[in-house]
Amino acid sequence: MNRRSWTLNLAAAVLYAFLYAPIVVVIVYSFNSARFGGAWTGFTTEWYRTLLSNSTALAAAKNTLLLGVFSTVISTVLGTLLAFGLSRYQFPGRGLFARLLFVPVFIPDVVLAVALLLTYSLVRSWTGFLELGLGTMILAHVTFQIPFVAIVVRSRLAGLDSSLEEAARDLGASEWRTFRHVTLPLILPGVLAGAMLAFTLSLDDFVVSFFTSGPGSTTLPILIYSSVKRGITPDINALSTFIILASIGGTVLVALLQHLRAPGSRR
Amino acid sequence: MTETPPNPARGFLFGQRLSRTGHWVRSAFFSGPAVLWLTFLLLVPLLLIVGISFMTRGEYGGVEFPLTLDSYKRLAGFGELGFDNLYPLILLRSLALGAGTAALCLLAALPLAFFIARLPGWWRHVGLTLVVVPFWTNLLIRTYAWQILLAPESGLARLAHSLGFVAAGEPLYPGVFAVMLGMVCDFLPFMTLPLYASVEKIDWTLAEAAADLGADRCSVFRHALLPQITPGLVAGLVLVFLPATGQFVIPDLLGGAKTAMLGNVIQQQFASSRDWPFGAAISTAALLLVTAGMWIYLRRGSKEESPL
Amino acid sequence: MVAQPKSASFLFSGSAIFVTRKPVQHDSQGSPSRGSVPAIEASGLVRRFGHVEALAHVSLSIRQGEFFSLLGPSGCGKTTLLRLIAGLDLPDAGTLRIGGVDVAEIPAHLRPVNTVFQSYALFPHLTVRENVAFGLRMKKVPPAQIAERVARVLALVQVTGLEDRRPAQLSGGQKQRVALARAVVNEPQVLLLDEPLGALDLKLRKQLQVELHQLQRRLGITFIHVTHDQDEALVMSDRIAVMNDGRIEQVDRAEVIYERPRTRFTAQFIGSCNLIQGRVTADDGQTVSIESPMGPLRIPRPPADPEPRNLMPQGGAEPLAKPRCQETRRLSPGFAVAAAIRPEKIGLTRAGECPSESCVNARIEGLVYSGAETQYRLRVGGQTLTAVVLNAARHEPFHPGETVICSLPETALVLLDD
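Line by line, the protein sequences are chains D, X and V. Number 69 in the working numbering belongs to position 69 of the first sequence; there are no gaps in the numbering. Heads up: take any position in the second sequence, counting from 1, add 267, and you land on the working numbering. Heads up: take any position in the third sequence, counting from 1, add 575, and you land on the working numbering.
Derived from the structure by calculation, the hints contain no laboratory data. All clues given are correct.
To give a feel for the contact side, a few chain X residues facing chain D, derived at Cβ under 8 Å: (1) Leu308; (2) Thr396; (3) Leu406; (4) Leu407; (5) Met561.
Virtual Cβ for every residue (Gly too), placed ideally from N, Cα, C.
Model the full assembly from the supplied sequences, consistent with the hints where possible.
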């Protein structure tokens with residue numbers, strides 16, 4: 001090992017430490033017996049017990065999961081169909097929509113959130129519908145999830161060997177049956193990866209949820225935010241630890257999905 | 268042998284010549300639902316924001332006619348009470364913090380990307396996954412954790428004081444330093460992943476050839492390596508700069524009133540001040556920024572897999 | 576000692592003229608003739624990609640039960656033609672009939688043809704059994720019948736015991752057989768093969784060439800086979816269409832294509848060939864006399880064709896720009912023509928006897944020894960020729976600089992169309 005690679009290794013170690021410092025400190029402090037402040041006063045699992053009896057946190061967890069599951073199912077179906085439609089069929093405005101897909105990737109969350117909030121209140125003042133709540137949150141989440149799903153599935157479609165679909169047609173499969181029996185099974189890993197991404201985005205989202213939520217539709221991120229605003233408490237650290245562990249589990253799952261050899265892929 | 272693939276523009280698909288109507292019917296089935304959804308919940312709301320930015324603030328919140336450019340004038344510093352640099356300053360601060368974050372992330376991501384790329388076989392996946400895990404972990408949690416890390420009684424704060432980085436009694440947070448630290452930590456994966464994708468593909472023989480030809484280390488990097496990682500670099504810069512500039516959570520939790528950024532002002536206008544046209548005007552400015560960034564990102568040409 | 580002109584080709588023996596006179600054999604060898612309706616009838620097919628004409632007025636008739644090869648270099652349009660027949664692409668102009676039926680309005684999945692793709696295109700998410708059953712499933716054949724037909728066809732292509740594997744677990748040769756089985760199980764009227772052996776190594780390719788040929792004979796299905804490999808086309812095909820630049824240069828049996836090429840392209844693409852430029856001095860209808868850089872040559876006209884030519888159909892959709900020298904009854908003196916002669920047809924002897932009518936002195940300029948044969952570069956008058964001589968030890972090898980007698984048998988000389 002020469003001096004240069006030693007420097008590089010050191011830099012990488014420092015950077016990894018930097019990336020993981022916040023994650024580790026939250027987990028460690030969830031076991032800190034001190035009720036307030038940062039000093040370490042001893043090990044305890046008390047906060048996990050309080051958390052499990054905290055009805056607000058449990059309700060928020062339930063809302064988060066409901067929101068995540070519903071929005072992910074809707075956005076995965078719509079996003080997958082959109083990806084296939086955009087790559088195969090022409091319609092006026094196709095180019096515009098292909099570009100519009102990238103807007104939610106870059107747009108600041110706040111802008112999307114206020115735009116949706118404004119639209120909701122406008123519709124509400126005209127029709128009386130769209131009372132803020134889990135429903136409006138699902139509408140909002142699906143809106144930013146569809147593009148991510150569509151982008152992931154489209155890249156999978158682009159990597160698909162077109163001779164496979166031609167072979168299906170050649171063997172007597174109609175257009176629909178080619179999609180159903182060949183295209184869909186082959187892009188399924190991409191669809192699953194897209195769904196995982198959509199689900200995680202929904203779980204992570206705070207800003208859009210914060211603006212579009214109503215009374216009784218508090219999610220975990222909103223709960224964490226409002227608690228943090230009042231001052232960090234150890235049970236919030238315990239809650240965050242659960243979320244962190246779920247994220248790590250999800251990441252490993254996605255990593256495994258991606259590293260499975262993609263069948264039917266040209267690469 | 269393999270000739271040009273069928274051209275969908277000819278209305279042709281696997282031995283079926285689809286009429287215009289044929290395409291429309293199929294588009295309606297496949298693209299239709301999502302197109303409708305995005306039209307009414309993305310396109311229309313964004314246009315609404317742009318529209319409202321030209322309207323007048325209503326008496327009890329809400330908006331009224333006539334159309335006016337007042338909100339934009341105010342954003343540029345020419346408010347009702349004469350020139351006030353508050354909002355231009357916020358705008359500049361956001362841009363500066365965004366650019367600073369992007370620059371620092373780049374500085375940090377370069378060694379990280381090269382480190383991972385040089386890991387042997389299986390370890391490379393581990394190194395990469397270790398970057399991806401924080402990326403998938405809730406940003407809110409990773410941000411508030413810095414409140415604990417930078418708290419006055421924390422080891423980090425004491426170390427900074429004993430080393431004389433900050434005057435005694437001066438807290439590390441809230442402040443620009445804390446915001447910057449949180450931003451870099453939160454967005455580092457956004458830079459590392461696309462950059463790594465480019466670094467992994469580097470043709471090292473070019474660097475060796477350059478070194479053979481007598482180039483020093485600096486020139487090797489500039490002439491043989493930099494051009495090869497430019498696509499990933501540009502993607503990373505855009506992916507960090509845009510969300511960092513419009514950030515709401517990080518300055519809200521780690522900064523004080525003195526570090527308010529675009530996102531915070533927009534939130535204020537819609538939440539507490541109830542000045543929708545002004546909030547919409549700031550949002551429109553942010554949208555313009557996004558459009559420019561998107562243009563750069565999509566123009567990179569290379570069709571690298573989306574790092575997201 | 577007389578050195579006979581010897582054929583270097585391992586495919587044919589005897590003199591060129593004898594081979595060309597051989598009657599058409601394949602119909603009597605058991606391949607069924609199913610009436611007079613051609614399996615494929617194309618006329619005036621055009622396919623453009625942008626400004627490039629991948630197919631320029633291609634007309635072609637392929638008989639039932641025939642093993643037909645489309646031979647040509649990369650980008651000559653042969654794959655495009657195959658895709659038009661399969662229905663995976665559509666022509667910009669022209670008509671195409673399969674079994675007498677115009678297929679312009681019939682989409683790919685309803686055509687009575689199946690394709691073996693160049694990359695095999697086996698479905699990676701299905702097992703071998705499911706891959707082969709795919710076409711039958713799509714046609715809603717009863718499951719019991721599917722199982723039986725799949726088993727039968729897998730036995731036919733000698734893939735048994737691999738039914739539950741995925742394509743990724745197969746070797747190249749196995750994939751090729753499965754792809755073949757997947758197409759054949761549907762009992763198509765026409766089987767299309769797009770460079771089916773292209774991805775295999777030489778030994779396996781040679782073996783599968785024979786197997787494919789036998790399979791075609793057993794099934795009696797019309798095979799249309801696309802290849803850029805001339806050996807493959809010569810070995811397997813009943814007839815070959817040589818394609819170049821989106822056009823068909825010549826359609827004929829393998830022997831005729833090799834022995835009597837009609838165009839420069841055919842002469843030089845298939846095997847190697849010496850081209851001799853010259854001008855007509857006399858033409859008596861049977862023999863054309865020309866003056867060439869290597870002296871006067873007499874070239875007999877080809878015998879009357881035993882079967883009508885298939886090159887350009889009666890419609891004459893695409894007339895050749897230049898007169899066809901082989902068919903024009905009389906060529907006027909002074910007309911510029913080209914003649915072709917295969918290197919192995921050129922006889923070389925040491926000074927002394929002259930074995931044939933056209934004998935000239937030649938100087939050896941160089942040689943390449945390659946085991947079974949030696950290739951000589953000769954200088955004859957103003958002409959450079961390549962000759963290939965079998966190393967049969969009839970005589971001592973010639974040396975560079977040596978002057979030898981070079982004989983060009985009249986029957987081996989071919990007057991080209993262009």
